[in-house]
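Enquirer: Chains as they are written, first to last, in my numbering: chain A, 1 to 270; chain B, 1 to 640.
No incorrect hints appear here.
Here are some, though not all, of the chain B residues that point toward chain A, as calculated from beta-carbon distances under 8 Å:
(1) PRO12
(2) PRO15
(3) PRO20
(4) VAL24
(5) GLY26
(6) LEU258
(7) GLU260
(8) LYS307
Hint data in this document are derived by calculation from the structure and do not stem from the laboratory. By construction, the Cβ of each residue, glycine as well, lies at the ideal position given by its N, Cα and C atoms.
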Amino acid sequence: MGKRKPVPDRDQEPVVQRIRIRYAKRGRLRFTSHRDFARALERAVRRAEVPIAYSAGFSPHPKISYVGASPTGVASEAEYAEVGLRRPMDADALRQALDAALPPGIDVVDAVVSAGGSLADRIQVSRWRLELPGVAPDELAVAVETFMAAPEAPVERSTKQGRRTLDARAPVERCQVVEEPTSMGETSTSVEGLAAPLPGYPAPCAILDLVVRHVTPSVRPDEILAGLRSVADLEPPAPVRATRVAQGVFTEDGDVADPLAADREGTPQR
Amino acid sequence: MSAASVFPRLEPLLPRVSKPIQYVGGELNAVAKDWDSAAVRWALMYPDAYEVGQPNQGVQILYEVLNERDDVLAERTYAVWPDLEALMREHGVPQFTVDAHRPVAAFDLFGVSFATEMGYTNLLAALDLAQIPLDAAARDESHPVVIAGGHAAFNPEPIADFIDAAVLGDGEEAVLEITDIVRAWKADGRPGGRDELLLRLARTEAVYVPRFYDVDYLPDGRIQRVIPNRAEVPFRVHKRTTMDLDQWPYPKQPLVPLAETVHERYAVEIFRGCTRGCRFCQAGMITRPVRERSITTIGDMVERGIKESGFNEVGLLSLSSADHSEIGDVCSGLADRYEGDNVSLSLPSTRVDAFNVTLAQELSRNGRRSGLTFAPEGGSERIRRVINKMVSEEDLIRTVVTAYQGGWRQVKLYFMCGLPTETDDDVLQIARLAHEVIKAGREATGSKDIRCTVSIGGFVPKPHTPFQWASQADPETVDRRLKLLKQEINSNRSLGRAIGYRYHDGEPSVIEGLLSRGDRRVGAVIRRVWEQGGRFDGWSEHFSYRRWTDAAAEALEPMGVSLAWYTLRERDENEVLPWDHLDSGLDKEWLWADWQDSLSEVEQDDCRWTPCFDCGVCPGMDTEIQIGPTGRKLLPLTVV
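Input sequences plus hints: build the corresponding full structure.
Expert: Given below as structure tokens:
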């Protein structure tokens, strides 16, 4: 007998179709980490009996690739992944099957057959919504003005490799206070699926609309808040709730365009 | 206490703690039931972190069995890590269930499953966080009835002050009967209050209520007697045995965690009980007789379990899985069904037997190969006779060589240190065995690229085993032998390089020994340790030997006993043991005879294949061995 047993002759069936999905992390399941989500999706694929393709080798993995990932504890309406199938499937049927096989709160909200091109390339910016309980909109507006006028907003992040300094100001394309009343409970969701401030949170509650360019290392909502603190002395009295509302291409008029639009139209993009 | 969700108060704390996902619930197959429509409500706890407790089979089974009843509700709770505990105290958030985040104190019953005694301090932490008085005697009608279960409940005396009741043995039917008693008592308008409810439970003879028993001590510290202090309360409480496991195919809808846990697989218990008679093994003694699930039930459970959970790993669990009467057909049938399906199947392999390798080979047909572990337990033939682990050196070498030839490059060998009558030489023989294994493996495969890992656990004498009378080795002896063994393994550099060595310090075993064989006086030690910050004692980074020895000195010495008295002292035949009034079915005279046989190095056969040797369980409990073969086979699944 030799050393390692040769890789068994187990050709996995090839990928014949790729489907891109958008999913949301809502309510209490916003505490799901990216790794947690990846395991949950793999199991959902199995439960839903989706004809997923597997990688070859000793330890075959389902062909799923993820594009970015929101930080743990941050809700999102717009996370993206791509699944490789060994048999073609209707995109919406896949969406429904996966959604039913995932726990409520992790919801598959869109699915489109890939028309090719890189999805990652179309995910250039994130639009965030930050709820700041106990902060008056006027107070926030003043802080935002100071922040946007600042040439830079250095903040510290502690990583496994130690502390590093990031500029929280540079990637911020847009930062504005929005006026909107909210009065919903923990589990209810608005049209955009956003959980509202909880009872017991101090009123008022200012809301911030942010568009942040994806840079390396990424700048997260926490760091923008740290920037607002360091540059404009903003100290929210209660935990801030962040939700990623959208990701996509940053358009000339300052908006965020649907990254699946090209696939929907069937025109491969760059 | 109001049953309203504490989530609004908990949620702002979660971003500040590590792995918040473990506290939010919402797992696939979790059940959300209406509080008001339930007549009886259980909070079930596994007293360790979620990542350890969530996969626990016992809690999952009871959760499902209870929630299947229309008017019964069960939710789960786990130990919270110190970071969240501190925040919960600061913000007045009580111990909560992960399902609907209700306060544990609002439930009728609080059931805690103790797989190990090291969870006792976490019980106190949870009770205190739940705002339930630690002292059972201080609780009133508004508090849940705190019930201990699991293997440690076969001697719950060290936590007798903190629990209201304990159930010995299988829980499936016991929880339903307890539910019926609580339902009736509530429907009757709670006559006689908490006392009456506990009395109704105690009268079943299957629920132990410590407060209804008085313990008297002799001047030398030993127990004089344990007697009921009420009429109607039985002198002995009997363990529960669920027969015909095919009628109880749980878990049917396994809980699928979002958080990462220690076992992410669908586990099916292919049989319960074990009659191999390893003398150190409490599980094998207290779960008799052997009751198999049939091959077809196993097949159905696996099929359904994978479908309901989406797990890609299946574990065929039991105390000695290769002993199932149709294990060959179970393995080949499942391997056929899931070939090419990327589902991995595994068998916890502890039997030292080439057949086990064949089974593992069969299960790994689809490419995923699990590790192989063999447990000779003792290094010398002599010590293996003492512990009744009937494995010869020849068996071991043959088995491991078969594994190497079958393509495994690494096997794990499990041993114990600190066994009764053990000498340095018995332990050093482990090194010789490991050397022989590597030599034979190199010869058989012609390759130097094979390894084995020697993994050593400290032996702890347990109640209801033939070693319940034994002296536990002191930690210095264990640590010294482990050090000698390490030197011996590395005395041959070529062979030593191929041998990994894993062991634990002797100190935690001594504390486990205290908690295993302790009596009610040990409760004061547990309380003191908890007060001094003791939590998560099963985790080496949280365990403090010093905290335990200090607490033991303070709490026990005024009573004329000590840590050493409980652990290092050999008991004699006539001593009243703290658990003598708790009936595991094993005849105490048989246990003593087996202990004496052990000391004379006399082995005992397995009654599954040889005539009954009168351990006492079957006639005492009115049970019998339930095994196949059924002669049935697993048919291929219809392709979807």
